[in-house]
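Let chain A serve as the given structure and place chain B on it in line with the hints.
Take a look at the letters that make up each chain.
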Amino acid sequence: MTVSKHEPTSAVASGERYKFLVVVLTVFTTIATAVVASLQADANIRASSNNIASQEYAIQTSSELQRQGIKSAYDINIMSGYLKDAQEGLVFELTALEQEETGDFYGAALSRLKAEVAQARADKARLFSIFFSDPQYAPETEDGLPDSDAYLADFLAQANELAEKQNFAADEYIRWNNKADSYTGVMTILAVAFFQFGLAQALSPRLRLLFALFGMATLVGSIIWMMIILVI
Amino acid sequence: MEKPRKFPPLRLEIVIAILIAVVSITVAMVTWRNTLVSSRAGETSRTGILDTIKKQAIIYENWRKTYQEAGYAEMYAVYLAELETLETSADPSIAYQAENLRLYMLPNLGLLAGELVSDPAYLNPDGTYNLEARFTSLKAEDPILRDLDPQVSFQRAGLFYAEQRWLTVNLVMLAISLFWLALAEIGGKRLRMLTLLLGCGVYALALIHLAVIEVYFVIAQGGAL
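Just so you know, the protein sequences line up as chains A and B, in that order.
According to the numbering used here, the stretch in the first sequence is residues 8 to 239, in order.
According to the numbering used here, the stretch in the second sequence is residues 4 to 228, in order.
Only chain A is shown next, with the shape it has when bound in the complex (with noise of 0.2 Å):
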């Protein structure tokens, strides 16, 4: 005869009823927890890269702001130099036409002389401004002026197109920093079914079930939360 090692089914169904499906769901909980884990990590890392680049991208703007300033002023420094020439040289011819006029002809070849020297100055600066050897920027007629507001819009693109750059960065390390915190929130709820399923082991079967239920409800809303994350 021989004598079986199983336990009778009625006690398994007074006492260890449900026990298994909780163990099964703490079990599949951990799995959960896992993946929102690596999901956070993950999430934290593009949110890590990402600040990394907006930090590398903020310098660079930085950087660019001090060169185009320091290339403006010299831009402006010539430009400036030339305009006070090139006055200069013709309140000179102005100054010996009128000296002429009243006799002066030695004062005359000395306006006539500085009206000079002031012109040959004004030719050359011209040569070295940017708005008048860039055909960008250069004026249109011998008389006209440069394009002063071409010369604004390049000014700063550069610097512009660093910012930008910047912005994405920034937004997509917001971006992924606010996923990351959301995935804390799924963690913080998968501890809560955690809570619930060891409450189920403790109760008796009725009372097991009800809390297996609240954690199954539970461990559900974590998951559709989580996927919500993810897709968003």
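No lab work stands behind these hints: they were computed from the structure.
Heads up, a few of these hints could be off.
[As the list claims (entries may be wrong)] When the alpha-carbon atoms are kept at most 30 Å apart in a straight line, the in silico BS3-like pairs for lysine-lysine are as follows:
{"#": "1", "chain 1": "B", "residue 1": "K58", "chain 2": "A", "residue 2": "K78"}
{"#": "2", "chain 1": "A", "residue 1": "K172", "chain 2": "A", "residue 2": "K186"}
{"#": "3", "chain 1": "B", "residue 1": "K68", "chain 2": "A", "residue 2": "K172"}
{"#": "4", "chain 1": "A", "residue 1": "K172", "chain 2": "B", "residue 2": "K58"}
{"#": "5", "chain 1": "B", "residue 1": "K192", "chain 2": "A", "residue 2": "K172"}
{"#": "6", "chain 1": "B", "residue 1": "K192", "chain 2": "A", "residue 2": "K78"}
{"#": "7", "chain 1": "A", "residue 1": "K78", "chain 2": "A", "residue 2": "K91"}
{"#": "8", "chain 1": "B", "residue 1": "K142", "chain 2": "A", "residue 2": "K78"}
{"#": "9", "chain 1": "A", "residue 1": "K26", "chain 2": "B", "residue 2": "K192"}
{"#": "10", "chain 1": "B", "residue 1": "K68", "chain 2": "A", "residue 2": "K91"}
[Stated by the list, open to error] Which residues of chain A face chain B? A few of them, derived with a C-beta cut under 8 Å, are:
{"#": "11", "residue": "L32"}
{"#": "12", "residue": "T37"}
{"#": "13", "residue": "A41"}
{"#": "14", "residue": "V42"}
{"#": "15", "residue": "S45"}
{"#": "16", "residue": "A48"}
{"#": "17", "residue": "A54"}
{"#": "18", "residue": "I59"}
{"#": "19", "residue": "I66"}
{"#": "20", "residue": "S70"}
{"#": "21", "residue": "L72"}
{"#": "22", "residue": "I77"}
{"#": "23", "residue": "L120"}
{"#": "24", "residue": "A127"}
{"#": "25", "residue": "R128"}
Beta carbons: idealized from backbone N, C-alpha and C, even for Gly.
Positioned in the frame of chain A, the structure of chain B alone reads:
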């Protein structure tokens, strides 16, 4: 008479328990490695940022020097044009003034303008100066700038981050292995062998995965752990 079973249930439970302990230790070790790699990624990124700041500061200084020299060089060219006009005058006092300018003022302005004026390599055919070439020379001459490459640090940080990501995947694989092993421990006798095999299979896969990650990233980082 019943045939003796190959693995009595109790002994198998002990084997599974030992396996769970081994997988748990592996999880702990991979977590430690993950943290270490994360730390390295942070450190390398920080180095990259510091190098970027240093590089940009040096580049800024080089631009400042270039434009400072350019300002004096332009002044030099303008004064040269002035004295060339003065030299055409028949008036002796003006000729004397031109001579003085050429003798004293121009050499001093040339000194202030530096290599932009003294080195003909920077002179454009139209009489202006090649500022880009001067800036490139200044950059090339800077020993600190030559050795500074923030992108190297960022690429290394990227590799560390990638390794961290794969280690996290590895942790998930280990968690799945733990799940099946736990199921083998608590589950019914009929499915025990299957779940045990699944647990062991996933664990073996995770170990191979871990070895591949470590070998690949150690080679990619040039031997750095």
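Now the hints, each set against the structure:
Between K58(B) and K78(A), the direct Cα distance comes to roughly 19 Å. Compliance with the 30 Å bound is thereby established for this hinted pair. Distance check on the hinted pair: K172(A) and K186(A) sit about 21 Å apart at the alpha-carbon level, within 30 Å; holds. As the CA atoms of K68(B) and K172(A) are separated by approximately 28 Å, the hinted pair is consistent with the 30 Å bound. Proximity of K172(A) to K58(B) is assessed by CA-CA distance (about 19 Å); at most 30 Å being required, the pair is judged to hold.
With a C-alpha separation of about 60 Å, the suggested pair K192(B) and K172(A) falls outside the 30 Å cut-off, and the hint is violated. The suggested pairing of K192(B) with K78(A) is violated, with an alpha-carbon distance near 81 Å, which exceeds 30 Å. For the suggested pair K78(A) and K91(A), the alpha carbons sit about 20 Å apart, so the restraint of at most 30 Å is met. Between the alpha carbons of K142(B) and K78(A) the distance comes to roughly 17 Å, so the proposed pair stays at or under 30 Å and holds.
Note on K26(A) and K192(B): the hinted pairing holds, with a Cα-Cα distance of about 16 Å set against a maximum of 30 Å. Note on K68(B) and K91(A): the hinted pairing holds, with a Cα-Cα distance of about 26 Å set against a maximum of 30 Å. With a least beta-carbon distance of about 12 Å to chain B, the hint placing L32(A) at the interface is violated under the 8 Å criterion. For the restraint placing T37(A) at the interface with chain B, the shortest Cβ-Cβ distance is roughly 7 Å, inside the 8 Å limit, so the hint holds.
Hint status for A41(A) relative to chain B: holds, with the closest Cβ pair at about 4 Å, below 8 Å. At a threshold of 8 Å, the smallest CB-CB gap from V42(A) to chain B is about 6 Å, leaving the interface hint in force. Below 8 Å, beta-carbon pairs count as interface contacts, and S45(A) has one with chain B at about 5 Å; its hint therefore holds. The restraint placing A48(A) at the interface with chain B holds, with a minimum CB-CB distance near 5 Å, inside the 8 Å limit.
The closest approach between the C-beta of A54(A) and any C-beta of chain B is roughly 11 Å, which is over the 8 Å cut-off, so the hint fails. Checking I59(A) against chain B by beta carbon gives a least distance of about 5 Å; that is within 8 Å, so the hint holds. Because the smallest distance between the Cβ of I66(A) and any Cβ of chain B comes to about 5 Å, under 8 Å, the interface hint for this residue holds. Residue-level restraint check for S70(A) holds (minimum Cβ-Cβ distance to chain B is 4 Å; threshold 8 Å).
Among the interface hints, the one on L72(A) is violated; its C-beta lies about 10 Å from the nearest C-beta in chain B, farther than the 8 Å criterion. Taken as an interface hint, I77(A) checks out: its beta carbon lies about 5 Å from the nearest beta carbon of chain B, inside 8 Å. The beta carbon of L120(A) is positioned within 8 Å of a beta carbon in chain B (closest approach about 6 Å), and the interface hint is therefore held. Interface restraint check: A127(A) against chain B, minimum CB-CB distance 4 Å, threshold 8 Å, status holds.
Against a cut-off of 8 Å between C-beta atoms, the interface hint on R128(A) holds, since the closest Cβ of chain B lies about 5 Å away.
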